[in-house]
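For reference, the chains in residue letters:
There are 2 protein chains.
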Amino acid sequence: MPSTAGTASATKVLPEPPGLPEPLPEPAVEELRLEAVLGALSDPLRLTIVRKLLLESEQFDHSCGWFGFDRPKSSLTHHFKALREAGVTRQRQYGLERRSHVRVDDLNARFPGLLYLVAAWTPEV
Amino acid sequence: MPSTAGTASATKVLPEPPGLPEPLPEPAVEELRLEAVLGALSDPLRLTIVRKLLLESEQFDHSCGWFGFDRPKSSLTHHFKALREAGVTRQRQYGLERRSHVRVDDLNARFPGLLYLVAAWTPEV
Chain A
43 MPSTAGTASA TKVLPEPPGL PEPLPEPAVE ELRLEAVLGA LSDPLRLTIV
93 RKLLLESEQF DHSCGWFGFD RPKSSLTHHF KALREAGVTR QRQYGLERRS
143 HVRVDDLNAR FPGLLYLVAA WTPEV
Chain B
43 MPSTAGTASA TKVLPEPPGL PEPLPEPAVE ELRLEAVLGA LSDPLRLTIV
93 RKLLLESEQF DHSCGWFGFD RPKSSLTHHF KALREAGVTR QRQYGLERRS
143 HVRVDDLNAR FPGLLYLVAA WTPEV
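If you read the sequences in order, they're chains A and B. Residue numbers are given in my numbering: position 41 of the first sequence equals residue 83, and the series is strictly consecutive. Residue numbers are given in my numbering: position 70 of the second sequence equals residue 112, and the series is strictly consecutive.
With the rest of the complex left out, here is chain A (with noise of 0.2 Å):
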């Protein structure tokens, strides 16, 4: 079984810089269900989503437009929302933008090793 080390160092983890917005409405830590976070993760989009989060942010969080999908804003909305809602993003909203990072902590301490399995995804060929 791969160690938290290994996941630690695959996944950035950007320092959370001063002044943020308030995070959208989500589930706290303690109230992060399993079934809900298998469920936010059991679509390709949202795994592409929190894998490209895990391994490539840039920056503390990611607008849609980050991630270069061609797909309707209307559709990304509703994957972003759901995966927040899970817990497994954080939002924020910036003025007319809403930004997503992955609320790696919180995952690890609920669910060890889930993110490391997101990390080790790829898409189907």
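Be aware that one or more of the hints could be misleading.
[As the list claims (entries may be wrong)] Quick list of simulated restraints, FRET-style, between CB atoms:
#, chain 1, residue 1, chain 2, residue 2, range
1, A, Tyr136, B, Tyr136, 56 to 62 Å
2, A, Phe111, B, Tyr136, 42 to 48 Å
3, B, Ser117, A, Arg113, 29 to 35 Å
4, B, Leu97, A, Val146, 27 to 33 Å
5, B, Ser117, A, Glu98, 52 to 58 Å
6, A, Phe111, B, Lys94, 36 to 42 Å
7, B, Ser105, A, Gln101, 48 to 54 Å
8, B, Tyr136, A, Leu66, 49 to 55 Å
9, A, Val55, B, Thr164, 26 to 32 Å
Quick caveat, the hints were computed from the structure, so don't treat them as lab data. Even glycine gets a Cβ: it sits at the ideal position worked out from N, Cα and C.
Assemble the complex: chain A is given as a structure, and chain B must be docked to it using the hints.
Here is chain B on its own, set in the frame of chain A:
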């Protein structure tokens, strides 16, 4: 992070008896897809099924009657099939009855740590 040893000690893997019927159709271990496995596990009833098989199996595999669910048989059949088709469980036909067990080795090989999370899950109160 919990070790594989911790997972193994909680999980009962009973030896395969001789003369078993052939398994029903299922994905091979190398065909298992994380998104499909997580989707199959994103439901409280299916988590209950897998957790009970992991922790309380009394035989190699179990029919749906063993679980004691107060649900229509057709609904249970659907859930057991979803678990098999995602590759979480293996089902065999014994006469009129189907029995399931968890593909512990295959899941540990492909998604290390995932079954630990299932074994540690508890239903919402």
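Can you name, in rising order, the numbers of the hints this structure does not satisfy? 5
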